[in-house]
Amino acid sequence: MTGTVDHLLVAPVLLPLATAALMLMFGEGRRGLKAVVNTVSTTTGLVLAVMLLLRVQAEGPAAFGVYLPGNWPVPYGIVLVADRLSSLMAVLAGAVGLAGLLYALARWQHAGVYFHVLFQLQLMGLYGAFLTADLFNLFVFFEVMLAASYGLLLHGGGAARVRAGLHYIAINLVASLLFLIGVAVLYGVTGTLNMADIAQKLSMVPPSDRGLLHAGAAILAIAFLAKAALWPLNFWLPPAYAAASAPAAAVFAILTKVGVYAILRLWTLCFPASAGASAGFGGDVLVWGGLATLAFGTVGMLASQQVARLAGYSVIASSGTVIAAIGFDAPQLSAGALFYLASSTLAGCALFLLVELLDRARQVEEDRPDLDDGNGALPAFLDAEPLPGTNLDDEEEALIGRAIPAALAFLGVGFTVCALVVAGLPPLSGFVAKVAMLTALLDLQTRPAWALFGLLIASGLLAAIALMRAGIRHFWTTQDRPAPRLRVVETLPIAGLLMALLAMVWQAEAVLGYTRATAEALHTPGRYIDAVMDTLPEPNPTPVQVPGVLP
Amino acid sequence: MEVIVSIAIGVMAGAGVWLLLRPRTFQVLIGLSLLSYAINLFIFSVGSLSVDAEPIVRPGQAADLVNYTDPLPQSLVLTAIVIGFATTALFLVVLLALRGLSGGDHVDGQEPRG
Numbered sequence: 001m002t003g004t005v006d007h008l009l010v011a012p013v014l015l016p017l018a019t020a021a022l023m024l025m026f027g028e029g030r031r032g033l034k035a036v037v038n039t040v041s042t043t044t045g046l047v048l049a050v051m052l053l054l055r056v057q058a059e060g061p062a063a064f065g066v067y068l069p070g071n072w073p074v075p076y077g078i079v080l081v082a083d084r085l086s087s088l089m090a091v092l093a094g095a096v097g098l099a100g101l102l103y104a105l106a107r108w109q110h111a112g113v114y115f116h117v118l119f120q121l122q123l124m125g126l127y128g129a130f131l132t133a134d135l136f137n138l139f140v141f142f143e144v145m146l147a148a149s150y151g152l153l154l155h156g157g158g159a160a161r162v163r164a165g166l167h168y169i170a171i172n173l174v175a176s177l178l179f180l181i182g183v184a185v186l187y188g189v190t191g192t193l194n195m196a197d198i199a200q201k202l203s204m205v206p207p208s209d210r211g212l213l214h215a216g217a218a219i220l221a222i223a224f225l226a227k228a229a230l231w232p233l234n235f236w237l238p239p240a241y242a243a244a245s246a247p248a249a250a251v252f253a254i255l256t257k258v259g260v261y262a263i264l265r266l267w268t269l270c271f272p273a274s275a276g277a278s279a280g281f282g283g284d285v286l287v288w289g290g291l292a293t294l295a296f297g298t299v300g301m302l303a304s305q306q307v308a309r310l311a312g313y314s315v316i317a318s319s320g321t322v323i324a325a326i327g328f329d330a331p332q333l334s335a336g337a338l339f340y341l342a343s344s345t346l347a348g349c350a351l352f353l354l355v356e357l358l359d360r361a362r363q364v365e366e367d368r369p370d371l372d373d374g375n376g377a378l379p380a381f382l383d384a385e386p387l388p389g390t391n392l393d394d395e396e397e398a399l400i401g402r403a404i405p406a407a408l409a410f411l412g413v414g415f416t417v418c419a420l421v422v423a424g425l426p427p428l429s430g431f432v433a434k435v436a437m438l439t440a441l442l443d444l445q446t447r448p449a450w451a452l453f454g455l456l457i458a459s460g461l462l463a464a465i466a467l468m469r470a471g472i473r474h475f476w477t478t479q480d481r482p483a484p485r486l487r488v489v490e491t492l493p494i495a496g497l498l499m500a501l502l503a504m505v506w507q508a509e510a511v512l513g514y515t516r517a518t519a520e521a522l523h524t525p526g527r528y529i530d531a532v533m534d535t536l537p538e539p540n541p542t543p544v545q546v547p548g549v550l551p
Numbered sequence: 001m002e003v004i005v006s007i008a009i010g011v012m013a014g015a016g017v018w019l020l021l022r023p024r025t026f027q028v029l030i031g032l033s034l035l036s037y038a039i040n041l042f043i044f045s046v047g048s049l050s051v052d053a054e055p056i057v058r059p060g061q062a063a064d065l066v067n068y069t070d071p072l073p074q075s076l077v078l079t080a081i082v083i084g085f086a087t088t089a090l091f092l093v094v095l096l097a098l099r100g101l102s103g104g105d106h107v108d109g110q111e112p113r114g
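If you're matching them up, the sequences are chains A and B in order.
Reminder that position 20 of the first sequence reads as 20 in this note's numbering, one-by-one numbering, no gaps.
Reminder that position 37 of the second sequence reads as 37 in this note's numbering, one-by-one numbering, no gaps.
Note that these hints are calculated values from the structure, not bench results.
You may find that some hints are simply not true.
Computed spacing ranges between beta-carbons, pair by pair [what the hints assert, rightly or not]: (1) B/T88 <-> A/E520: 39 to 45 Å; (2) A/P232 <-> B/R58: 16 to 22 Å; (3) A/H7 <-> B/R58: 37 to 43 Å; (4) B/V82 <-> A/L302: 57 to 63 Å; (5) A/G70 <-> B/A53: 25 to 31 Å; (6) B/E2 <-> A/G211: 30 to 36 Å; (7) A/H7 <-> B/T88: 33 to 39 Å; (8) B/A53 <-> A/S208: 51 to 57 Å; (9) B/V66 <-> A/G211: 22 to 28 Å; (10) A/I472 <-> B/T88: 52 to 58 Å; (11) A/R527 <-> B/S48: 29 to 35 Å.
Below, a sample of chain A positions facing chain B; criterion: calculated Cβ distance under 8 Å [to be verified]: (12) G70; (13) V140; (14) V185; (15) Y187.
Fair warning: this is a prediction, and the values are worked out from it, not measured in the lab.
Backbone N, C-alpha and C fix where the C-beta goes; we use that ideal spot for every residue, glycine too.
Input sequences plus hints: build the corresponding full structure.
Below you can see the structure in the form of structure tokens.
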């Protein structure tokens, strides 16, 4: 590894932190400047993540960028690691973040003073959680991410958001406490917090401590699975995501994937088939829990009256699919699941952005009927104009109120593409992912594999029915409806996400090749352990005598 | 000493869980605080409890947990306390906001019907 790679690794974490600190100094006003700074920083973050991914991709199968932030020898200091999985997740986080931000530039950024700061801290927590290789550091980044998400969930105010926010915060605080118990037990058993070191020491744990180790790992997993919305730990998700403002909900589409990522990383690292007495510990729970989650999410999609709740349940269903697929511990299946994770994250983000535009289209003609039990009703801010006295810069002024003639057509196409991806119908990326998973499942020939096989097909059908029903209700029922007014900057992120989804189909072989290599690396944890444990700190710089320069 | 610490952790965790399941927001808040105290003590105790031991290595004494105390859990507790304090304060703000918006202190924002 060269020096530039090292620092590239920490840049996605430092950049949002520095940007957030800078924007705090701007005070409460200067929204235009903040918007520019935030956009530049978020775009740079995405570029950095893509650079990381290309770098890792170019280095072949054993590509691990290891960075020692404090330059301490490995088991003692915090370690950051960028491998294929972390880079992929970082790129997804950057893409989702940029989409949410662009959408927020149209109007949501005016709803609160510290939106941009919270947004950057959210990105910092996400990048950090994906890049760190230290268990306690993961906890810290989880908390950064969650604290920012509390603020973003409440962004815009209103009773519904505060109520959903209270539940969301309480659940996540309890999950964080479980996280701490799990970390403490693992530390007590293994005496280290470095993930690679823990994995290495697990085989040396005496049989008398094995029960304690399993209990600690299980408690830690509950914390992650609550975040990943595994049934029955997911009742908090639909009301919270439906109440959140559109850009916040769009960014939250990747928050559940952080839980999935942590499970994927730690489970494949600590309990591979070669782990002796602990081999595959908890695999059945992942498989059956994932299946139950997929079933629950699918039924929830069918039962949803509001598109926002439907989108929330689709996030649950995609979480369940990935968790169940991981639990089989089969590289081919994990490769398909990773492809599915990428495609469903982007589609979920686009769906959350579309939800608000669809609701706005309905509000043009009528007062929206209160279809739900009141839990999911969106507060009144939805249609509010920017606050009086808000300084809008020239560029934005020009954008406001420009009605796109084909607005409804755009919404329809966008919704159709999202629906096809979420339901996994051809010819889009959801279909490619499902075919990859189904093919791998055919090779497994076990009862849980057939269960997932059947459930994947059935959930695709039911999701298609649910989405089609929502589409018919929004696009076909009324013909004389005035076209909704969209702003260019609102359609940009949705169009970008849809283009990314199309690009994933266009380059499906390349993306699948990447996820296959990722799954391969995940299922040979020895490489990761060796790469981390063999990293040496940089030697102290020795003073160089340069002739002709005064000391 | 292990017994006393275990009982203290157990009592606080039990009371915390009970309060957490109560329908009033303030009870939930106190429950969360008690739980986090219990867990902070728990983290502290995984570094093996010892009296009059310090984490600084003296020459001539083997560096193991018989002679010294483990400094890492203490630093972890410190981090956990800071984070827990901040998030609890945030929860308190949301609690007050909900009280202002709903006029009651039920966690669902309204009293159960019937």
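Hints versus structure:
1. B/T88 <-> A/E520: 39 to 45 Å: 44 Å, holds
2. A/P232 <-> B/R58: 16 to 22 Å: 52 Å, violated
3. A/H7 <-> B/R58: 37 to 43 Å: 39 Å, holds
4. B/V82 <-> A/L302: 57 to 63 Å: 44 Å, violated
5. A/G70 <-> B/A53: 25 to 31 Å: 26 Å, holds
6. B/E2 <-> A/G211: 30 to 36 Å: 18 Å, violated
7. A/H7 <-> B/T88: 33 to 39 Å: Given range 33 to 39 Å: holds, Cβ gap about 36 Å.
8. B/A53 <-> A/S208: 51 to 57 Å: Violated, since B/A53 and A/S208 (Cβ atoms, about 24 Å apart) do not stay within the stated range.
9. B/V66 <-> A/G211: 22 to 28 Å: 25 Å, holds
10. A/I472 <-> B/T88: 52 to 58 Å: At roughly 47 Å between Cβ atoms, B/T88 and A/I472 fall outside 52 to 58 Å, so the hint is violated.
11. A/R527 <-> B/S48: 29 to 35 Å: 34 Å, holds
12. G70: 13 Å, violated
13. V140: 7 Å, holds
14. V185: 7 Å, holds
15. Y187: Hint on A/Y187: holds, closest Cβ of chain B at ~6 Å, below 8 Å.
The earlier numbered hints that this structure contradicts are 2, 4, 6, 8, 10, 12.
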